[in-house]
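Use the sequences and the hints to build the structure in full.
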Amino acid sequence: MARFLARRLGLAVGILLVLSFAMYGLLDIALDPLADLRENPAPNREEMIANRVRLLNLDLPWYQRYFLWLSHFVRGDFGLAWKTMQPVGAIVQSAVATSIQLIFAATIISILTGVTIGLISALRQYTTFDYVITFISFLLYSLPVFWVAVLLKQFFAIGANDYIANPSINWVAVLIASVVSGLFWAGALGGRRRKKLIVFASAFGLTLVLLAALLLSGWVSHPQIGLVGIVIGSLAAALAVTALFAGMNNRRALYSALTAAAVGAISWWPLQWLFVLVPMNWGWMIGLLALAMVICAGIGWLYGGPDRNVSMRGAMFVGLFSSVLVFLDRVLQTWPEYYNTSEINGRPIATLGAQTPGLNADFWMAQLDRATHLMLPTIALVLISFATYTRYERGAMLEVLNQDYIRTARAKGLSERVVIVRHALRNALMPLASVVPVDFITLIGGAVITETIFSWAGMGRLFIDSMTNQEVDPVMFYIMLTGALAMIANLVADFLYAVIDPRIRVNA
Amino acid sequence: MSNRKLIAAAGIALTSALALTACTPPTPGANSSANAATSINVSWNQAFYSYNNNTDYGNAVANTNPVYMSNDRIAYYDKDLKIAQNPSFGKYEKVSDSPLKVKITFADTATWSDGTPVTAADAILKWASASGNYNTTKSEQDDDGNVAANTGNDVFFNSSDPGFALIKDFPEVSADGKSVTFTYSAPFVDWEILAMDPAGVPAHVVAKRALGTTDPAAANQALIDAFKNKDNAALSKISNVYNNDFNFKKTPADKELLVGSGPYTITDIAEEQYLTLEKNPNYKGSHVPSIGKVTIRITPDPQASVQALQNGEVLVTQPQATADILKQLQGMSNINVLTQNGGTYEHVDLVFKNGGPFDPAKYGGDAAKALKVRQAFLQTIPRQKIVDNIIKPLNPTAELRNSFTRVPEDKAAYAAVTAANGIQATYGGGSNIDKAKALLAEAGVTNPTVRVMYAQNNTRRQQEFQLMQESAQAAGFTVQDVSSKDWGQLLKKTETYDASLFGWQSQSTGVSESIANYETGGQNNYGKYSDPQVDKLLDELKVTTDTARQTEILASVEKQLADDAFGITIFQFPEVTGISKKVQGVSSIPLSPNYFWNFWEWKVS
Numbered sequence: 000m001a002r003f004l005a006r007r008l009g010l011a012v013g014i015l016l017v018l019s020f021a022m023y024g025l026l027d028i029a030l031d032p033l034a035d036l037r038e039n040p041a042p043n044r045e046e047m048i049a050n051r052v053r054l055l056n057l058d059l060p061w062y063q064r065y066f067l068w069l070s071h072f073v074r075g076d077f078g079l080a081w082k083t084m085q086p087v088g089a090i091v092q093s094a095v096a097t098s099i100q101l102i103f104a105a106t107i108i109s110i111l112t113g114v115t116i117g118l119i120s121a122l123r124q125y126t127t128f129d130y131v132i133t134f135i136s137f138l139l140y141s142l143p144v145f146w147v148a149v150l151l152k153q154f155f156a157i158g159a160n161d162y163i164a165n166p167s168i169n170w171v172a173v174l175i176a177s178v179v180s181g182l183f184w185a186g187a188l189g190g191r192r193r194k195k196l197i198v199f200a201s202a203f204g205l206t207l208v209l210l211a212a213l214l215l216s217g218w219v220s221h222p223q224i225g226l227v228g229i230v231i232g233s234l235a236a237a238l239a240v241t242a243l244f245a246g247m248n249n250r251r252a253l254y255s256a257l258t259a260a261a262v263g264a265i266s267w268w269p270l271q272w273l274f275v276l277v278p279m280n281w282g283w284m285i286g287l288l289a290l291a292m293v294i295c296a297g298i299g300w301l302y303g304g305p306d307r308n309v310s311m312r313g314a315m316f317v318g319l320f321s322s323v324l325v326f327l328d329r330v331l332q333t334w335p336e337y338y339n340t341s342e343i344n345g346r347p348i349a350t351l352g353a354q355t356p357g358l359n360a361d362f363w364m365a366q367l368d369r370a371t372h373l374m375l376p377t378i379a380l381v382l383i384s385f386a387t388y389t390r391y392e393r394g395a396m397l398e399v400l401n402q403d404y405i406r407t408a409r410a411k412g413l414s415e416r417v418v419i420v421r422h423a424l425r426n427a428l429m430p431l432a433s434v435v436p437v438d439f440i441t442l443i444g445g446a447v448i449t450e451t452i453f454s455w456a457g458m459g460r461l462f463i464d465s466m467t468n469q470e471v472d473p474v475m476f477y478i479m480l481t482g483a484l485a486m487i488a489n490l491v492a493d494f495l496y497a498v499i500d501p502r503i504r505v506n507a
Numbered sequence: 000m001s002n003r004k005l006i007a008a009a010g011i012a013l014t015s016a017l018a019l020t021a022c023t024p025p026t027p028g029a030n031s032s033a034n035a036a037t038s039i040n041v042s043w044n045q046a047f048y049s050y051n052n053n054t055d056y057g058n059a060v061a062n063t064n065p066v067y068m069s070n071d072r073i074a075y076y077d078k079d080l081k082i083a084q085n086p087s088f089g090k091y092e093k094v095s096d097s098p099l100k101v102k103i104t105f106a107d108t109a110t111w112s113d114g115t116p117v118t119a120a121d122a123i124l125k126w127a128s129a130s131g132n133y134n135t136t137k138s139e140q141d142d143d144g145n146v147a148a149n150t151g152n153d154v155f156f157n158s159s160d161p162g163f164a165l166i167k168d169f170p171e172v173s174a175d176g177k178s179v180t181f182t183y184s185a186p187f188v189d190w191e192i193l194a195m196d197p198a199g200v201p202a203h204v205v206a207k208r209a210l211g212t213t214d215p216a217a218a219n220q221a222l223i224d225a226f227k228n229k230d231n232a233a234l235s236k237i238s239n240v241y242n243n244d245f246n247f248k249k250t251p252a253d254k255e256l257l258v259g260s261g262p263y264t265i266t267d268i269a270e271e272q273y274l275t276l277e278k279n280p281n282y283k284g285s286h287v288p289s290i291g292k293v294t295i296r297i298t299p300d301p302q303a304s305v306q307a308l309q310n311g312e313v314l315v316t317q318p319q320a321t322a323d324i325l326k327q328l329q330g331m332s333n334i335n336v337l338t339q340n341g342g343t344y345e346h347v348d349l350v351f352k353n354g355g356p357f358d359p360a361k362y363g364g365d366a367a368k369a370l371k372v373r374q375a376f377l378q379t380i381p382r383q384k385i386v387d388n389i390i391k392p393l394n395p396t397a398e399l400r401n402s403f404t405r406v407p408e409d410k411a412a413y414a415a416v417t418a419a420n421g422i423q424a425t426y427g428g429g430s431n432i433d434k435a436k437a438l439l440a441e442a443g444v445t446n447p448t449v450r451v452m453y454a455q456n457n458t459r460r461q462q463e464f465q466l467m468q469e470s471a472q473a474a475g476f477t478v479q480d481v482s483s484k485d486w487g488q489l490l491k492k493t494e495t496y497d498a499s500l501f502g503w504q505s506q507s508t509g510v511s512e513s514i515a516n517y518e519t520g521g522q523n524n525y526g527k528y529s530d531p532q533v534d535k536l537l538d539e540l541k542v543t544t545d546t547a548r549q550t551e552i553l554a555s556v557e558k559q560l561a562d563d564a565f566g567i568t569i570f571q572f573p574e575v576t577g578i579s580k581k582v583q584g585v586s587s588i589p590l591s592p593n594y595f596w597n598f599w600e601w602k603v604s
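Line by line, the protein sequences are chains W and E. Quick note on numbering that gives the first Met the number 0: the first sequence kicks off at 0 and runs consecutively. Quick note on numbering that gives the first Met the number 0: the second sequence kicks off at 0 and runs consecutively.
Some hints here could point you the wrong way.
Unchecked claim - Okay, derived cross-link-like pairs now, DMTMM-like style, lysine to aspartate or glutamate, Cα gap no bigger than 20 Å in a straight line:
id, chain 1, residue 1, chain 2, residue 2
1, E, K492, W, D31
2, E, K491, W, E46
3, E, K580, W, D161
4, E, K484, W, D35
5, E, K492, W, E45
Said to hold, decoys possible - Partner residues aside, some chain E positions facing chain W, computed with beta carbon under 8 Å:
id, residue
6, D55
7, S289
8, K368
These are computed hints drawn from the structure, not numbers from a lab. Just so you know, even glycine gets a beta-carbon here, dropped at the ideal spot from N, CA and C.
Written out as structure tokens, the structure is:
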């Protein structure tokens, strides 16, 4: 194990050295730090050129500069973004933080939706539903992000803001949305024609009623969840979680999920007082979530029975869900005030940046502000990256479903739910262990185009700006960071694989 | 406890919770933003990074605009690029011509935002740092190329200005410390440009940080003394503070670094995102703005800034002009669009000494023959067609630029110079194929080859080159494309090209910046043009402070340049500004600070 680790790390350092040497040489060809001065008509230009040559050691050949750079780099001095005279170490900190903020949510959402849709697609292999999902995911995959971003801004920011200010209900759009929802659920749940028709009709009706209620009640101008929303949402989650992971026959699991939902809803009221009396921060949020998890685990444990773990897990799922609902509810409560501040001025959905400048916001409103800014870039990133996960998971699931042990499980007479959730799903998730760490690590490298279009000052922007500013040091830092992280990610993926798949040993 | 009981308990709890909601739950505290004052967001494409824009690296538009808003000045450019005075900050006067003496007096209303008056010390710091007189070493970098602080007695101000360099003697400071008289060792034609903005970063803050003197008056005096006595130990520290302390990309912990003398003060900087300026409560001058808070948001992508304008996130934007961006702006209902000239102009320069078709050496030293070939080539350049096809879509009022030295917005001087130089009369709109053929025939040269250099990665210049090539080939030239993305480096290597197509950016309305383009051996005179008459006139220009005479000299210089077929000017770069109808009073000038020039007159409804 230790030998394996040492070998891999040694190899990684070697690769990084070669990489840095090659990149430094290429950058020396690509960048010209004197470019701006050459066009400058100032009479003291020669002096400025001389200053810069001295500053950047341009009189030395590039390989000598490389070794100078390397000797500083290994001592933790990452060099200078000379255009702005900022040390590289200082500017990358906020850039890394911004990139993670931007891409974290998008990656989580694409993994969740991509895996779910891919799974259903595999279960409904070669149905119309499967073909449509395949078509859509390839369509989205091939969209250029800059174009998607411009359209998103036009319709989901400029258009949506206009709509919120002056809502008028478009019944045709509502009907189309309801039909799409009906078709989706009918396709996803599958079954015979009669079942499909019933599913279609109920999904269509439910969506229509829900949309109409939201639109007619003016919810769009004043979005909220409220206690009613939390109660309904938590109960629905309790039923869904139980049906999927325990089965409705497991009464203990059902009751513990329902109890967790009830406790979640009850805690709404005292929490409102807590939120008003104590200024909140993320520490509090994490603490409260942990408390909720402990309580829910306790609920599941109290219900006891032979299958105690299933009850506990179900209750915790429900607890997580209702905690999120309570959080969202509180964030949305700041909507009217947010909407009317002079900085927002009735245009809540933003096309630019990570936050509204100068907004006098408390913790909750700051989260709302972050959400209005994250919305568009997140949608853009999810639309494009979710396709990969869909295809990946569909393939993995299909492979597992053809395994002998699945046939054995069916032959034993296990219910389809147990076969899929307990035997197939777990093994179908295994290949993700090699994809997800790499995807998470690339978060830090940033999304070059998305960041530029939405004016987020993340790592991608840093890279592009440094290239156009002809600054070698920040570009080298970027290359070293992403290079090192990519190797770490691969290492983590190898280890994860060994942990979840007993057939694999790392020191083999 | 049985399950049933538990469920019952849960049910009761849920019911009572629902009942409790009847009691009004606490609503979020109505901490309405007390900031009812008006605010405005505007867009710029590059982020602020240094509050000292007098250093070599801090001198960028991204810094100049916020510095312009947070610091007052004696004079500024108005809409017509006329120099407008601001007596509430001070006045300048030429005391004598020989030697040139300029007296700068700060008004009593000129105050830094921390309450300290603006005094001679501030002007002395700006002059002394840019003069180069006090530098004892060439650079503050150590052998490893790191920004090392000046140590011991090493003094290096990373700032230089050819005008300030001419002031060698220590200036006279008046008894009250409010005025200072600079004596130039040689006459300097653009003294007024220097006097317009005499104060840079606050001297008392620099002195406090460098020398530890906390009392502002004592700090100012300490700084003056350090320069006067050439106290290198103190100057070393002062130069360190001057070079390094004002470089920041986020709000500095030390608020004294943001002390300014202007109507606004920088209050918040988010790295690469935005910069907020709020009204300076201690401002006593006359440029009192009506808007309480201005935020400059950073949007490098032109398309993003246009959509942000449509979404109301910014109210003013000046994106890089393309036909698509302009069309999009014009399609928006609540936006006013300004199209006008920018500060950069496009031109073609010819190479005189490379053995090429424009060099007399090629024709055995026959200067007349070379002149005719040059004239013939310039006659073919389709100037009007380039403007019509490439620039008019962006700026419908675009016209040919007919002057080598004056911007069209500087109307009086431009009119006088263009009337005299004969560019319009000789070349008109260009594409004069017949004239060119005739000139070539006179010269007896057939099918000369001209290598044209321009920026390969610049689409607009590629289009221009296409038009030029077509036209010149019709007249019997062979035109070779030697464009390169390293064109800037290659400009000096005249053996690689015969004609160059690029832009010069005007920094001010001063006349000194064009001298280096045309004098013999001038650093921007890439084509190695040399004419004794032009040199004589330019030497006279360097020491002529009378503006009327300056214009006369420039007119004669340009006449000579045109007669010698030095090259030709084509157009002024277009500039597009989109302004929301919610703001009034915003317009733009071709020089920095562009649309910020009259920020105090902005109104928002």
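Hints, verified against the model:
1. E:K492 - W:D31: 17 Å, holds
2. E:K491 - W:E46: 17 Å, holds
3. E:K580 - W:D161: 17 Å, holds
4. E:K484 - W:D35: This hinted pair holds, its Cα atoms lying about 13 Å apart.
5. E:K492 - W:E45: 16 Å, holds
6. D55: 5 Å, holds
7. S289: 15 Å, violated
8. K368: Because about 31 Å separates E:K368 from the closest Cβ in chain W, which is outside the 8 Å limit, the hint is violated.
Hints 7 and 8 from the earlier list are contradicted by this structure; the remaining hints agree with it.
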